[in-house]
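Please model the entire structure based on the sequences and the hints provided.
From first to last, the protein sequence lines are chains A and B.
Counting in this note's numbering, the first sequence runs from 1 upward without gaps.
Counting in this note's numbering, the second sequence runs from 1 upward without gaps.
Don't read these hints as lab results, they were simulated from the structure.
You may find that some hints are simply not true.
[What the hints assert, rightly or not] Straight-line distance between alpha carbons at most 25 angstroms, and here's what the computed SDA-like set of lysine to any residue pairs gives: (1) A/Lys64 to B/Ile53; (2) B/Lys136 to A/Pro40; (3) B/Lys136 to A/Asp39; (4) B/Lys136 to A/Phe35; (5) B/Lys136 to A/Trp38; (6) A/Lys64 to B/Gly39; (7) A/Lys64 to B/Met49; (8) A/Lys64 to B/Arg47; (9) B/Lys136 to A/Pro113; (10) B/Lys136 to B/Met49; (11) B/Lys136 to B/Gly79; (12) B/Lys136 to A/Trp116; (13) A/Lys64 to B/Leu113; (14) B/Lys136 to A/Asp37; (15) A/Lys64 to A/Asn3; (16) A/Lys64 to B/Gly28; (17) A/Lys64 to A/Arg74; (18) B/Lys136 to B/Leu126; (19) B/Lys136 to A/Gly36; (20) A/Lys64 to A/Glu76; (21) B/Lys136 to A/Gly112; (22) B/Lys136 to A/Val84; (23) B/Lys136 to B/His76; (24) A/Lys64 to A/Met1; (25) A/Lys64 to A/Arg2; (26) A/Lys64 to B/Thr48; (27) B/Lys136 to A/Val34; (28) A/Lys64 to A/Leu4.
[What the hints assert, rightly or not] Not the full set, but computed from the structure, chain A residues with beta-carbon under 7 angstroms of chain B: (29) Gly10; (30) Leu12; (31) Gly16; (32) Thr23; (33) Phe44; (34) Gly125.
All C-beta atoms, glycine included, are put in the ideal place defined by N, C-alpha and C.
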Amino acid sequence: MRNLFAFISGALFGGGLFISGMTDTAKVQGWLDVFGDWDPTLAFVMGGAMIPMAIAWWFTQGRKPALGGDFPERPEPRIGRNLVVGSVLFGMGWGLVGLCPGPSLASLTYGGPGHWLFVAAMIAGMLAAVPLRRMLPAT
Amino acid sequence: MIEQDWIWGFVGGLVIGTAGAVYLLVNGRIMGASGILGGLVDGSGMRTMWERIAFIAGVILAPIPLYPLYKEVDTHITGNLLAIVAAGLLVGIGTRLANGCTSGHGVCGMSRLSLRGIVATVFYILAGGLTMVVFKHVLGVI
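Right, here's the structure in full:
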């Protein structure tokens with residue numbers, strides 16, 4: 001059951017990324033490029049995604065997940081070096097090619113070999129992050 | 001067919017948010033693409049391996065029946081292989097250090113007004129914008 005709903009959620013995510021145009025690297029780079037021919041699409045995608053998500057967070061109050069367990073606790077509002085350094089590195093890669101993790105997976109069936117190369121490099125980066133995390137403590 | 005990109009963007013955004021809502025309300029988890037994949041890659045999330053694999057399978061397979069909806073499926077990815085490898089490494093390392101990406105920190109974090117989500121989003125957008133300035137307008141390589 002958990003796997004079925006994970007698949008449904010993943011399919012909605014991948015389908016939403018596809019129809020929103022967020023797997024088009026030109027649209028993502030166009031949004032980041034405020035000094036070029038600015039493309040506002042990403043802001044509408046983010047805005048649209050916030051609406052059901054905000055309702056969902058509100059709905060979690062005093063309830064439990066439908067399939068049991070507990071909702072994720074709110075993390076402590078601690079801004080560590082890893083959060084800032086990691087986000088800056090991520091942003092650099094995001095700007096350089098116009099792909100982030102979700103869209104890089106959603107576009108694998110139609111994006112061509114460049115997307116496979118990106119995902120392979122991203123997986124290598126995720127492995128490289130394991131020792132780096134220990135060197136850069138959360139506080 | 002709807003021509004305006006922002007309408008497609010907004011509708012797609014609603015679907016993405018619904019995906020996050022399902023994952024949260026049914027499975028009780030935060031829908032973060034880098035975390036779901038990263039937990040499989042480094043082995044830290046093996047306890048929920050099948051849930052992660054099912055989610056990723058959904059992400060990869062869902063666009064296939066939707067191809068006819070879109071006027072073009074060209075992703076305009078650069079042909080610069082060095083840039084692709086560098087960007088992939090940066091995205092992989094960065095999202096795992098920061099514990100989240102556009103979906104986890106951006107969509108899921110900001111919608112609950114999480115300070116960490118908002119700070120992460122500000123930094124990756126600034127870094128992305130600055131990268132565009134340097135590599136496109138100064139160096140002219142992308």
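Verification of the supplied hints:
no.	hint	verdict
1	A/Lys64 to B/Ile53	holds (24 angstroms)
2	B/Lys136 to A/Pro40	holds (18 angstroms)
3	B/Lys136 to A/Asp39	holds (16 angstroms)
4	B/Lys136 to A/Phe35	holds (10 angstroms)
5	B/Lys136 to A/Trp38	holds (13 angstroms)
6	A/Lys64 to B/Gly39	holds (24 angstroms)
7	A/Lys64 to B/Met49	holds (22 angstroms)
8	A/Lys64 to B/Arg47	holds (20 angstroms)
9	B/Lys136 to A/Pro113	holds (23 angstroms)
10	B/Lys136 to B/Met49	violated (40 angstroms)
11	B/Lys136 to B/Gly79	holds (15 angstroms)
12	B/Lys136 to A/Trp116	holds (24 angstroms)
13	A/Lys64 to B/Leu113	holds (20 angstroms)
14	B/Lys136 to A/Asp37	holds (12 angstroms)
15	A/Lys64 to A/Asn3	holds (18 angstroms)
16	A/Lys64 to B/Gly28	holds (8 angstroms)
17	A/Lys64 to A/Arg74	holds (15 angstroms)
18	B/Lys136 to B/Leu126	holds (15 angstroms)
19	B/Lys136 to A/Gly36	holds (9 angstroms)
20	A/Lys64 to A/Glu76	holds (21 angstroms)
21	B/Lys136 to A/Gly112	holds (23 angstroms)
22	B/Lys136 to A/Val84	holds (24 angstroms)
23	B/Lys136 to B/His76	holds (15 angstroms)
24	A/Lys64 to A/Met1	holds (16 angstroms)
25	A/Lys64 to A/Arg2	holds (15 angstroms)
26	A/Lys64 to B/Thr48	holds (19 angstroms)
27	B/Lys136 to A/Val34	holds (11 angstroms)
28	A/Lys64 to A/Leu4	holds (19 angstroms)
29	Gly10	holds (3 angstroms)
30	Leu12	holds (4 angstroms)
31	Gly16	holds (3 angstroms)
32	Thr23	holds (6 angstroms)
33	Phe44	holds (4 angstroms)
34	Gly125	holds (2 angstroms)
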